[in-house]
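Residue numbers (the numbering used here), protein chains in the order written: chain A, 1 to 358; chain B, 1 to 581.
It is worth saying that the hints were derived from the structure and are not from the lab.
Quick reminder that beta carbons are idealized off the backbone N, C-alpha and C, glycines included.
A hint or two may mislead.
[To be verified] Partial list, derived from the structure: chain B residues whose beta carbon lies under 8 Å from chain A: (1) Arg107; (2) Ala108; (3) Thr141; (4) Leu143; (5) Gly148; (6) Pro243; (7) Glu256; (8) Arg396; (9) Met397; (10) Phe537; (11) Gly542.
The chain contents come next:
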Amino acid sequence: MQRFCTYLMIMVVLAVLSLTPALAQSDDAGVLNVYSSRHYGEMEAPFVAFTEATGIDVRVSAGSPQDLLGRLRADIQRGNRSIADVFLAIDAGVLSLAAEEGLLMPIESEVLNANVDESFRDPEGRWFGLSVRTRTAVYNPANVTEEELAQLNDYSDLANPTWQGRLCMRPASHIYTISLFSSLLYHLGEEEAAAVTQGIVSNVTRYINSDTSLIQAVAAGECDLTLVNHYYMGRLANGSPEDQAVFNSVAIRWMNQDSNGVFFNVNGAGIVKDAANYDNAVKFLEYMSAVENQCGSSTCFPGSNYELPTNPEAELNETVISFGEFVLDLDYPLWEYGAYQQAAVTMLEDAGFGFTEN
Amino acid sequence: MNITQLMHSRARIVPSLPTASFSVKAGFWRWQRLLPLLLVLALLLPLGVLLLYALQFDLERWTHMWNTFLPRALGNTLTLIVGVGVGTGLLGTGFAWLLTAYEFPGRAWFDRLMLLPLAIPGFIMGFVYVTIFEYAGPVQTALRGWFGWQRGDYWFPNIASPAGLILVLTLVLFPYVYMLARTAFREQLASSIEAARVMGYNRLHTFFRLVLPLAYPQIAAGIILAMLEAMTDYGTVSYFSYPTLSERIVVLWNTEFDPGTATQLALLMMVVALCLITLARRVRGHARFYQHGGQGRHMSRQALRGWARTGAVLACLTLFGASFVLPVSQLLLWAVGELQKPTVGILGESIITYSTNSVVLAGISALIVVFLSLLIVYGLRATAVHRNRGNRRLARMVTLGYAMPGAVVAAGVLVVVNPIDAAVTDFATAFLGWVSPAYLLTGTVIALIYAYVVRFMAVGFNSTDASLEKISPSMEGAARTMGAGTWRILRQIHAPLVSTGLATGVILVFVDVMKELPATLLLRPFGMDTLALRTYFLSVEGWHRSAAIPALMILIIGLIPVFILMRVGDNPIGKHRHTPE
Ligand SMILES: [Fe+2]
Numbered sequence: 001m002q003r004f005c006t007y008l009m010i011m012v013v014l015a016v017l018s019l020t021p022a023l024a025q026s027d028d029a030g031v032l033n034v035y036s037s038r039h040y041g042e043m044e045a046p047f048v049a050f051t052e053a054t055g056i057d058v059r060v061s062a063g064s065p066q067d068l069l070g071r072l073r074a075d076i077q078r079g080n081r082s083i084a085d086v087f088l089a090i091d092a093g094v095l096s097l098a099a100e101e102g103l104l105m106p107i108e109s110e111v112l113n114a115n116v117d118e119s120f121r122d123p124e125g126r127w128f129g130l131s132v133r134t135r136t137a138v139y140n141p142a143n144v145t146e147e148e149l150a151q152l153n154d155y156s157d158l159a160n161p162t163w164q165g166r167l168c169m170r171p172a173s174h175i176y177t178i179s180l181f182s183s184l185l186y187h188l189g190e191e192e193a194a195a196v197t198q199g200i201v202s203n204v205t206r207y208i209n210s211d212t213s214l215i216q217a218v219a220a221g222e223c224d225l226t227l228v229n230h231y232y233m234g235r236l237a238n239g240s241p242e243d244q245a246v247f248n249s250v251a252i253r254w255m256n257q258d259s260n261g262v263f264f265n266v267n268g269a270g271i272v273k274d275a276a277n278y279d280n281a282v283k284f285l286e287y288m289s290a291v292e293n294q295c296g297s298s299t300c301f302p303g304s305n306y307e308l309p310t311n312p313e314a315e316l317n318e319t320v321i322s323f324g325e326f327v328l329d330l331d332y333p334l335w336e337y338g339a340y341q342q343a344a345v346t347m348l349e350d351a352g353f354g355f356t357e358n
Numbered sequence: 001m002n003i004t005q006l007m008h009s010r011a012r013i014v015p016s017l018p019t020a021s022f023s024v025k026a027g028f029w030r031w032q033r034l035l036p037l038l039l040v041l042a043l044l045l046p047l048g049v050l051l052l053y054a055l056q057f058d059l060e061r062w063t064h065m066w067n068t069f070l071p072r073a074l075g076n077t078l079t080l081i082v083g084v085g086v087g088t089g090l091l092g093t094g095f096a097w098l099l100t101a102y103e104f105p106g107r108a109w110f111d112r113l114m115l116l117p118l119a120i121p122g123f124i125m126g127f128v129y130v131t132i133f134e135y136a137g138p139v140q141t142a143l144r145g146w147f148g149w150q151r152g153d154y155w156f157p158n159i160a161s162p163a164g165l166i167l168v169l170t171l172v173l174f175p176y177v178y179m180l181a182r183t184a185f186r187e188q189l190a191s192s193i194e195a196a197r198v199m200g201y202n203r204l205h206t207f208f209r210l211v212l213p214l215a216y217p218q219i220a221a222g223i224i225l226a227m228l229e230a231m232t233d234y235g236t237v238s239y240f241s242y243p244t245l246s247e248r249i250v251v252l253w254n255t256e257f258d259p260g261t262a263t264q265l266a267l268l269m270m271v272v273a274l275c276l277i278t279l280a281r282r283v284r285g286h287a288r289f290y291q292h293g294g295q296g297r298h299m300s301r302q303a304l305r306g307w308a309r310t311g312a313v314l315a316c317l318t319l320f321g322a323s324f325v326l327p328v329s330q331l332l333l334w335a336v337g338e339l340q341k342p343t344v345g346i347l348g349e350s351i352i353t354y355s356t357n358s359v360v361l362a363g364i365s366a367l368i369v370v371f372l373s374l375l376i377v378y379g380l381r382a383t384a385v386h387r388n389r390g391n392r393r394l395a396r397m398v399t400l401g402y403a404m405p406g407a408v409v410a411a412g413v414l415v416v417v418n419p420i421d422a423a424v425t426d427f428a429t430a431f432l433g434w435v436s437p438a439y440l441l442t443g444t445v446i447a448l449i450y451a452y453v454v455r456f457m458a459v460g461f462n463s464t465d466a467s468l469e470k471i472s473p474s475m476e477g478a479a480r481t482m483g484a485g486t487w488r489i490l491r492q493i494h495a496p497l498v499s500t501g502l503a504t505g506v507i508l509v510f511v512d513v514m515k516e517l518p519a520t521l522l523l524r525p526f527g528m529d530t531l532a533l534r535t536y537f538l539s540v541e542g543w544h545r546s547a548a549i550p551a552l553m554i555l556i557i558g559l560i561p562v563f564i565l566m567r568v569g570d571n572p573i574g575k576h577r578h579t580p581e
């Protein structure tokens with residue numbers, strides 16, 4: 001028994017050591033460690049291209065932006081350095097929070113300042129947007145009348161009782177919902193935003209925790225209207241025959257076009273405080289924001305996910321162009337998102353958003 | 001005295017020997033007493049430090065929560081655990097009895113197959129069921145196509161509902177109850193049937209009057225296991241957009257940056273769990289019994305005929321179809337579709353990495369859990385056979401991690417581990433030439449495994465404890481009076497008797513770790529992913545076809561230990577050569 005136990009312990013130690021890449025890897029010069037909330041699959045092409053161009057090996061640890069912020073906080077709070085060099089988040093609010101908490105460091109780079117439009121980066125240079133995604137309405141033309149469509153212009157129109165039992169939404173725990181409702185707070189003020197939220201809650205028939213499934217539900221006719229990130233439509237348009245069938249049975253409605261413009265967010269990146277590979281991190285940001293890597297094709301950062309470039313010189317993606325012209329909501333600055341998100345969470349909780357009445 | 005009481009007293013016929021008769025070497029005992037206590041403390045530390053968070057009580061926050069989501073989240077949690085408790089209890093007990101006491105075509109096969117759903121993570125079962133049966137899914141679309149129906153023209157059960165969620169979790173969790181009930185029934189059937197024949201009972205009477213009361217502790221343990229799994233589940237409930245306490249805790253922690261309130265909520269959830277367990281244990285208190293010699297005998301099953309036979313076969317087919325064949329076929333279909341895509345090359349390479357990560361993590365954690373359980377349970381037992389209740393209670397506290405959401409356990413582990421990491425790194429940077437940032441615990445799988453062990457200790461501990469409980473202290477006492485040493489007793493008497501329990505513990509922890517999400521998400525070393533994480537990310541994005549491949553890998557890997565479990569279950573303890581007659 002004693003001998004057995006000794007063997008067991010030796011085995012365990014060996015197995016642990018076999019899974020221990022982190023100790024050896026961090027002093028490697030040609031490396032960049034990225035915390036990324038960008039989805040799997042779509043990021044690979046631009047990252048691979050970066051490695052080919054610079055010889056810097058990119059290592060990614062993925063998760064939701066909030067998970068990664070929590071992890072970053074835990075890393076830094078121990079008074080030491082994080083293993084991550086770059087914090088890549090799909091939400092400007094989370095990026096701002098990280099910056100405010102001192103988890104990101106200011107980046108000194110003329111190249112970056114020139115590449116990224118002022119609307120899409122932190123005024124203090126702690127994070128830079130690398131691609132833009134809008135969140136807008138998708139409806140089923142077979143079930144929505146011309147009249148109803150004419151009444152559907154602003155996000156607040158989703159609270160209209162005509163949509164009773166016809167609306168599908170992403171739950172309130174998801175950052176997409178939180179950020180969108182923070183823009184209602186910003187534009188409409190507390191009282192009106194709360195009333196609109198309440199109205200939307202009473203219209204929702206089902207909460208679905210996936211934008212793709214939301215579009216599928218609208219296409220099938222389970223609900224008539226939803227809000228999704230536009231690139232999910234891009235993916236369906238370029239997907240399998242079934243995906244394209246789904247895409248063809250729904251239509252995009254650009255919201256707030258007569259008022260302040262459609263809500264958008266950025267997929268942006270900052271450099272983690274005291275990053276071990278700071279120079280590589282700067283190279284990474286400069287590379288991703290350069291005009292030739294901001295293109296609309298699948299090898300570029302925005303193009304790989306049917307997003308919009310933050311470099312004003314870059315070309316748009318063909319699929320996105322086919323979605324028609326639209327105006328972005330530049331009134332609500334990205335760096336204010338973080339400040340309004342917490343209030344938005346409380347507002348959503350007050351309205352019972354995410355709880356289906358049975 | 002009725003027959004039930006008779007059976008109880010029969011089971012208790014073996015008396016506990018007074019512990020005073022033990023004489024042992026003092027030096028050996030000291031570490032043996034100390035080690036289990038140290039281990040228990042190390043396992044409780046991550047949960048204990050959370051109390052620091054919980055001290056900052058914010059009344060305003062609680063008022064807000066009470067006025068908004070808390071009542072409904074609490075209601076949802078209770079609905080879920082009651083639903084899953086009833087569902088798994090009925091399915092698990094019912095099928096265990098059907099497959100133990102009766103004979104019908106395919107019985108031996110079904111008996112084994114019923115354990116297979118254990119390998120399927122709840123969220124995978126969830127996304128398969130929802131995708132098949134939701135409005136936009138193939139079934140309802142086909143129905144609308146055939147009959148020309150529109151929305152509202154027809155009624156179809158809503159899968160994306162609390163009932164659907166309960167169904168899905170019941171289908172993946174009922175094997176816990178089945179497994180324990182089946183073992184209990186097998187151990188008791190032979191003697192019960194004998195008694196029942198004397199009393200002139202039929203099989204149904206035997207079941208309700210004799211077998212069920214005696215098997216109650218094991219069945220209750222299984223139901224509690226299933227209920228705790230449902231209560232702490234994150235992946236499935238968030239997929240169903242069904243906010244429970246466990247889901248709220250993650251939201252509070254991650255999205256509202258309020259670890260204090262999140263921890264308090266976790267403690268509230270633990271209170272709910274403790275109530276459950278105490279309730280079950282109170283009833284169990286009356287029925288402590290030891291494995292009695294001479295039960296290796298083969299028992300006779302009653303053969304079913306006519307409609308009963310058809311019904312039994314159909315019931316088994318339905319349950320196995322719903323809990324295994326359906327989800328696996330759907331995943332296979334998706335996987336085949338995915339493999340036809342041109343980009344599979346990259347996937348094939350990474351899937352091996354994910355699988356290796358999952359297997360190694362699960363394997364190490366399972367071995368550690370059971371090894372530690374054995375040390376703690378055996379250490380306590382040997383030092384103070386049931387005498388020192390304080391120690392026992394303390395030891396039982398290591399099972400608390402199972403009543404905590406994985407995210408909370410992981411957060412506690414970070415609090416414990418971070419200062420150690422910082423100190424080691426400072427030292428190593430100064431004296432050993434390490435380049436910061438490199439961390440001994442969070443930079444490697446050590447912190448993650450620590451979290452798994454804290455989280456799933458209950459599974460191993462209970463299996464070990466239960467199997468040791470079956471050994472009557474008289475056997476141990478007898479061995480000691482004959483001068484056998486501690487290791488010898490452990491090796492020659494305990495090891496063979498508890499090997500079934502230990503193997504069960506190893507396998508259950510292995511399968512649990514394979515399926516784990518929240519702690520893995522928070523604590524995995526940089527760039528490391530597991531099959532479960534990969535599946536979760538892909539299914540959340542609605543990419544079912546891509547998610548099917550890692551999902552199937554979880555299943556294939558999980559099935560291997562489950563197959564072993566089936567064989568383990570076939571060897572009732574009585575057959576072991578060391579059982580004294
Ligand atoms: Fe997305």
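Hint by hint, here is what the structure shows:
no., hint, result
1, Arg107, "37 Å, violated"
2, Ala108, "34 Å, violated"
3, Thr141, "6 Å, holds"
4, Leu143, "12 Å, violated"
5, Gly148, "13 Å, violated"
6, Pro243, "6 Å, holds"
7, Glu256, "6 Å, holds"
8, Arg396, "24 Å, violated"
9, Met397, "24 Å, violated"
10, Phe537, "6 Å, holds"
11, Gly542, "3 Å, holds"
Checked against the numbered hints listed earlier, the structure breaks hints 1, 2, 4, 5, 8, 9; every other hint is satisfied.
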